[in-house]
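Taken in order, these protein sequences are the chains called P and G.
Note that my numbering has the first sequence beginning at 1, numbered continuously upward.
Note that my numbering has the second sequence beginning at 1, numbered continuously upward.
These are calculated hints, taken from the structure and not from any lab test.
There are no misleading hints in this set.
To list a few chain G residues with every Cβ distance to chain P over 12 Å, as calculated:
no., residue
1, 114
2, 135
3, 158
4, 239
Facing chain G, from chain P, some residues (calculated, C-beta under 7 Å):
no., residue
5, 50
6, 51
7, 53
8, 112
9, 209
Ideal Cβ positions, reconstructed from N, Cα and C, are used throughout, including at glycine.
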Amino acid sequence: MGKEKNFYILFFSFFISINSLWAQCPGLSAGTHTLCDPALSTISLVHSGNVDFNFTRFNEINGGIVQSGSTQIRIKTKNNPSSTCQWKLVMYVSNFSGTTSPTDWSNQVSYGSAAVGVIPQLDLLEIRVDNFCHTASNSGIWQRFSALNGASLDIINSAILTPAGTCLSQVNGAGDFSSNYGEYNFTVDYRIIPGYSKKPGIYSIKIIFCLSEM
Amino acid sequence: MKSKKNIVWNQRVKTMVFTISLIIGTNLNAQLVDEQNVTITMDLQPILQLEMNGPQNVDFVFDEVYKYVGGITKYGVTQLKVSASVDWDLYAVGYSSGNTNANPLLMDNQVTYGTAAPTNASNRLDCELLELRQDKANPGTTAVAANFNDYSSAFGKSPVATGANNIYTNANPYTKPPVGLKYIAGGNAGADFVAGGTYLVLGGGNVGAGSNYWYTIDYRIVPGLPAVFPNTFSNAGVASAIHLGGVATNYAQPGVYTMNVKYVLVQN
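Kindly generate the complete structure, drawing on both the sequences and the hints.
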């Protein structure tokens, strides 16, 4: 009886671990969705990689640094046969967890005295998303994440299907950036204004741009 | 007649087949999920900027009796402007290269006038004889009884035996004044500081010269007659032991003397 119990525990543990690998994008809605073709639907970044903010002069501390167009998001979505694809695009902030407080940036290195200053919180980063048709939520407006690991900001997230080519807000049907550049290409700007009394050091966070089916 | 063992095995196989079918089925109709990541790195370097306006040399020429008696006061000679991204302290320290009696706390004697070694004349002038006055009180310090926290006291009528305005001296200028000695802003204790900021931006209702990030410094030297520099006292009101060799009957040897005043802005 004991061996049988162990067998089932082992088997279902394996099954659960396999399933968890698919859930890389946080905030995925429950249930089976088959509206979009997952093989031909992609999100890609132009100028992807690291976005570095180096604050070495006082005018930068005081006035901040803006990195315009540092990331471009390009969406390509395709209908599954006999279905109508409807997608959403959400960005999440991550501080890599670990020993970091859930509200703070991940501190890689500290300069100077250890006890001096305040560790910056996750709401320090400002993000502005826009495209030619201004389809994004809060298009062209600086936004901040809540100061909590895993907090999200919607770029496209609407229950109503808005097809490609309309150049309206929240276009979320099948389409791609090569045919409808103004709706399926997003430009992302970043801004940080540290201000005074932050603890000097090197900090990092990760922004996850997540494309998923509604 | 099936055995109990076979029944259990059949149940296992059925469960496995069902689950594998579920996995395969899920894969065939996989939900659209795709993601891309961007890492944001922020390098916050500690920035301390001290801007000093005014002449590099401040000359006091005592060539009239009234200048000896009343001293020479130079108002608003130095403006100190601070911009800092971190909490900070600002202090002044006086010292020399030590060419007089090998003591960096005595002013350097560059030239001696007249006879080389007249009776009772001494070239040992304590750097502490220089008096400073800042235009506003130290905003980031806690009081220490019987001592002065800053240089904000008005220049008193000579002789002044309190040490209210005498400069802090140290052979090592990067040693912060201990607790109980003068800072222009902030203090030695960890809780004594001025928060990061700048004179350029409105803060606490003030900006520019009115802010806690801008100080104007006056200087005074009073030689007295005879030239014994009667205001030379420590911050606790103790007469200098090295001044004029510590001999009460000595007076200052005429000549040219120099010292260095260093303004140090340091992270708290």
